[in-house]
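Q: Build out the structure end to end from the sequences listed, making use of the hints.
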Amino acid sequence: MNAKLQIICFLSVALLTGCSSGGGSVTVYTSQDQVYAEPILEQFEREAGVRVRAVYDSEAVKTVGLVNRLIAEKSHPRCDLFWNNEAFRTHQLAELGVLDANSPIES
367 MNAKLQIICF LSVALLTGCS SGGGSVTVYT SQDQVYAEPI LEQFEREAGV
417 RVRAVYDSEA VKTVGLVNRL IAEKSHPRCD LFWNNEAFRT HQLAELGVLD
467 ANSPIES
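When you line the sequence shown up against this note's numbering, it's residues 367 to 473, in that order.
Treat the hints with care, as some may be off.
[Stated by the list, open to error] Derived DEER-like restraints, expressed as beta-carbon distance ranges:
no., residue 1, residue 2, range
1, 415, 463, 27 to 37 angstroms
2, 456, 399, 15 to 25 angstroms
3, 460, 427, 17 to 27 angstroms
Because the hints were derived from the structure by calculation, they are not lab data. Quick reminder that beta carbons are idealized off the backbone N, C-alpha and C, glycines included.
A: Here it is in structure tokens:
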């Protein structure tokens, strides 16, 4: 399976499990470069019929800015999915209790 297809499959599961009460839209915080992430998110929107609101971080701070934002929003989350590639920061969020487990939507 090619990398782009793997990402789309991952996003499909992750986004759909996060939008049970989202009214057909999800918010994704991503530290991925917009030039690469945007086409994938647009394809997901077309195929899944779910509107994606992507929040990108700047090149200067990358994941750190989004991690700080997630920590600040812990008591009132605004993000459905955090898409990054830094295991350390993801572990940090888990240790701080910022992350929430998702389970598939029951049909």
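Q: If a hint holds in the structure, say so; if it does not, say that too.
A: Checked hints:
no.	hint	in the structure
1	415 with 463: 27 to 37 angstroms	holds, 32 angstroms
2	456 with 399: 15 to 25 angstroms	holds, 18 angstroms
3	460 with 427: 17 to 27 angstroms	holds, 20 angstroms
When the structure is compared with the earlier hints, no violation turns up for any of them.
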